[in-house]
Amino acid sequence: MHSQRAKVTLSGPPQLTTTDDWPQIWSGLSAQFPLRNLHWKPASRTSIRTIQSLDINLLALESVKDESASQIPTSLLDRPLINVYVLICEDIETYKASLRKHLKDWHSLVTQRKGQEWMVISVSKTDNRQTQTGLLKMRGTVLDRIRADFNSDKKDRCIQLSWASDLKSPPIWAEIISKMKDGIIVAFDQAVSQREDEIKRSELQRTMPGWNFCTFFILKESLASSFEGANLLEDSLLQYEELEASFFQVLKDRTLWFGKFVDPAPKDDSLPLLSISKKPYRDMILANTISVFDIRVYLLAKQLGVLGKMGRLSDAARKASLFLLTFGNRLRDFKTELPDCFVESWIYSSALSAVDTLDDWARNKELDTITSNQFNSAKGELLFASRNQLDRLGIRLNFLPFEPPFSNCAADLSPEMDSNQESSVINHDSQSISNTDILGFLGNKASFYDLYIRLTNRAIDLFAKSGRRKTALKLHGSLAALDSYRERHGNALQTYTSLPAHYAPHHWASLESYMLFQSIETHTRMGKDRDRQWIHTALNFVKAYVEKVALDLLYEIKDMELYVEQLVESAIKVSNSVDGDLLFQDHPVFTISPIVESGRSAETRDGYLLDVNVHNNLPCKLDLDKISVVLTRTKASEAEFISDKITLEPGTTMLTLFCPLPKPGTFLVGKSEARMGRLVFHTSFNEKIKKRQDSLGLGQKLPHKIVKLPLDPRSVILDLQQALQVDIGGQAKFSLKLTSGRNHISTANIKLSSPDVIINLEKCIKNNESVTFFPDVIQINNMTPGEVIHFDVPHSSSEKRENIKISTDIEYETIAEPNLIRRMSFEKLIPTSVNITVNIQDFFRGESLLSKFTISTISYQHIRISAVDLVASDADEPNLKILKPEGFSNIVTVTPSQPADFVFQLGLAGEVNDPLRLCITYRLLREEVETLVTSRIHQTIPESDWKQRELVESQIVQALEIDSSWVEMYEMTGELFVPTKSVERSNIIPDELYLQIFDKLQEASSPEDTRFWRKFTIPLDLPRLDILATTHIDIRTNPFDKESANSKPYNTIYAGQPVSATLSINTSMYWAGQDKKNAKEYKMRFLLEENIKDWLVSGQKRGDFVAKDGSTYTVHATFMALRNGEFPLPNVRLSAYPLDNGDGIPTPPSLETYQEHAAKRVLVLPRGGRTTFFVNVGRD
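Note that the sequence shown covers residues 34 to 1213 in this note's numbering.
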């Protein structure tokens, strides 16, 4: 790009310019350029402009010619902005004698030039570090004299430069450069203001006779060029835009001053678009001979040059592309004045040359990702414009057909091509085109096709780099069309087949449908056998037809409905000859919409019915093998509804689908499938909802389609539950219950598996002749209607798990439907823990043991306990006496806030070796009430009205769940008062029936069926105790009194009175067990705890003694009550020394201390006495 520079002149006296110092000064000043950060505040603008960098051309004054005022310079920078004079003089007399006259002549010369500044630099070679005293004081007077002689306007233009060994050092020039920048800005501002005034005067004279746009153009363009040279690029671009607007206004007003719109010169069609030196444009403008074509091209080149310097390469490329498009269409209005194919050749050459020029400008620039993408996209548009000209030329030469995509840019051409037109293009006289590429293929199809493909691939590459995949793929399609026209059907088919997969994700429907159509037609023209790929292509085209979008490119199809109908018939026919199914995901040929509220029981057989609306979006009938809808809950729990063969008419048809599996619950509509021969159309509802939700954005959720399948109580029901009997430490097991319902089951096979435990079917106890247990399957034969089979399934231990997962697979056949095998899979989490906890407290009292069992619930459920028993083994039963409270026969209710306590008294009659067992018989209050409700309803409503049974039972249970006011009364009396206001009564059931059931429930009930009570068994070891110590403190006011004071309820003890006390410690090894009972003695220590607030103890407070079975140790002491009141006696703390068991590790024996006096309190009275008080009675 052409770069202007601001001019600065440098002059000096002959005494300096002829010495060796002058080149040093010249090079030193040149090293300070370019100037940086010049701040200009123009009067006509509101903001300060900053010139980041200003290139300077340093010239000798003699080499610059002063232009007269009548001449118009190309740029304001053609004249010097500042003139600099340099001298070296240390003596004022020398200055006066020889230098002042030369300086004055120079000053007179430069001040006569308008719009130019000046400055004088005095170079001092004296060391400034010397002290300026005496004669040396004269060193500064030369500069002072110069200032006095020439600074007439009080503006300091005289500066001193200190000579240095390195004159290129910026610090020594800092003040000079600052003054120079100020002078340049002043001169530049004056020149700009003067030029703007001239432009305004010229613009105001536009309507006057004799006004010349060319003169105005030169003035405006000189200002723009000046801004460009000063690196004020935005201001320069603004001037060019204003100039362009003025030019358009002149064209609109029809005040043109020159003749032709376009006057083509040789090679005009192939010259570089952005070159301003290819023609003498300024001379043509000054001579008023320039055409509209040339002035538009020149103005565009100047604008794009500024944009290139600004780094706005993308904008430059887009402006060039838009210019070629719009002005090229305008040129076609003058095609009679132009050589044949001039416009195509000019656009083709200009676009390619613009791309090359822009690449040269971008070569030394670093573009970020976004800018680079935009730049490549704009260049791609230029290449695409070139390629369009090849389309036009190819059609005119009969190298290309007059049809899309080649005719998209040739709307002005006639479809009927003249046979003599080709010869008219081949013209080599002076008025013909000059582009060598076009001339090279005029008579050579191979050259044309080669150039066409290379240019298209080049554009594809740029569009792909810029991220414009749609345009790139569109060009790929044009290459496929070219292959098809050249009868290279294999290449064309490969391209047409691959392109739709790229269009579909971006929803480029028009291109996708067109490519699919071309693929089908190319396949037909090749006569190739139709295969799986053809079927996919055909049905993808049908999809585009069904969606009714962007079919405008399919102008070749006369009857679209007939074409689609034939295409579908061919696809079905071809699919029957291929191997395997052809799956089509979310194809819109069918729209299957389940009616979610229609899920219902089949009633006469196991299974459910579901209604769906199926919409046939095609204009023809379709014969379907089946339609299925899958409801999902978990992977192992799906329900598939299937239809029989059906013929779908165009439009909507309602079908009823059947699922043979009796799996009640709440399901999501998962997927649907329609099968037509080997064509399978699959739709995932969850994926469709997810895609729609993603398109809506965050914060918006679409509801899923939910289908509720009600429980069919008369179907086969398989239930897994926790076993009714749970024995801690015994065989772990769970309960399996199978109900046949309405069915007469001929064969049923049940397979159980678990990732948590090992299931042992061989250990199952056979309690029914119909059931046979195999290692991996349970087989049941000939199960009659209404029969219930219940048994426990043992499994390995699961102590470390809260729940175990059981997977169940069941398949069964019925007598009524022998050809239908129903297969179902379930997953069930079975808890390993029970709903109750037991806390145990043991109290040793002599030869009796009191065991207290506190039973509480760990859930929110109420628990009904019918019995709690503590049982010894058969071998130990004669040796252990267990007593429980009498009268424990009623059912006890345990609530979350109210546990229940059960106490047993144990006595030994011999050695006990086996653990005891605590057996708790219980069930949940909910289970008991549901059983009662079911029983009373069955007593009232006959079995034939099973629907009424189920409805009333669900209504009453729901009412009991909502309102808990009945609980307290039921737990006390066994009468169930249903909250009738909460019962949602059905209109089909008479009120009398409800009242009859309510009355039956209010009758006092008792546990009718004890088979379904739960039993929880806990093994317990008989508690052992090495030493049972009993302490007793006996006090006497009189040591000789045989009866103790604390044995007398009204014995008098006074505060401060010493009383005798006897501490008795009795030890027993009764509960030690046979292995430790033979121990002869234990060494123990006692400690009499002294409460200093109540008692003062005198005597032995601590000591050791030897404990033996049945021995009593006695200690005497004296107690003194320290205060009056009622308080307990001191406590006694006992501890036993460890014994060596022979293994070298001492082990302390277990010890429990029972203090008989712990509950007794002693009354201490205050001691009596006399107190004298002195009262001062005052006098008036």
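Don't take each hint at face value.
Capping the alpha-carbon separation at 20 Å, the derived lysine to any residue pairs in SDA-like fashion look like this [stated by the list, open to error]: (1) Lys654 / Asn719; (2) Lys1048 / Ser768; (3) Lys40 / Trp196; (4) Lys917 / Ile891; (5) Lys838 / Lys914; (6) Lys1048 / Val936; (7) Lys678 / Thr699; (8) Lys1126 / Met1153; (9) Lys1141 / Arg1118; (10) Lys214 / Ile89; (11) Lys158 / Trp196; (12) Lys311 / Pro297; (13) Lys158 / Glu123; (14) Lys838 / Asn815; (15) Lys147 / Ala130; (16) Lys40 / Leu92; (17) Lys914 / Ser866.
These are computed hints drawn from the structure, not numbers from a lab.
Report task. Assess, step by step, whether the Cα of Lys1048 is no farther than 20 Å from the Cα of Ser768, and give holds or violated. Result -> 13 Å, holds
Requested in this report: Would you check the hint for Lys158 and Glu123, treating anything up to 20 Å between C-alpha atoms as holding?
Outcome: Answer holds: Lys158 to Glu123 is near 8 Å, not above 20 Å.
Query raised in the report: Does the structure keep Lys40 and Leu92 at a Cα separation of 20 Å or less?
Result: 7 Å, holds
Query raised in the report: Straight-line Cα separation of Lys678 and Thr699 no greater than 20 Å?
Result: 28 Å, violated
Query raised in the report: Is it true that the CA of Lys654 sits at most 20 Å from the CA of Asn719?
Result: 29 Å, violated
Report task. Given the hint that Lys914 pairs with Ser866, test it: the Cα-Cα distance must not exceed 20 Å. Result -> 31 Å, violated
Requested in this report: Take a quick look at whether Lys158 and Trp196 sit within 20 Å of each other, Cα to Cα.
Outcome: The given pair, whose Cα atoms are some 5 Å apart, holds under the 20 Å limit.
Query - 20 Å limit on alpha-carbon distance, applied to hinted pair Lys214 and Ile89 - result: With Cα atoms ~11 Å apart, Lys214 and Ile89 stay inside 20 Å; holds.
Query - Given hint Ile891 paired with Lys917 - CA-CA distance at most 20 Å - result: 25 Å, violated
**Report entry** Hint consistency between Lys1048 and Val936 [alpha-carbon to alpha-carbon, up to 20 Å]
**Finding:** 19 Å, holds
Query raised in the report: Regarding the pair Lys40 and Trp196, is the alpha-carbon distance no greater than 20 Å?
Result: 25 Å, violated
Query raised in the report: Between Lys838 and Asn815, does the CA-CA distance stay at or below 20 Å?
Result: 29 Å, violated
Going down the numbered hints, you'll see the structure goes against 1, 3, 4, 5, 7, 14, 15, 17, while the others check out.
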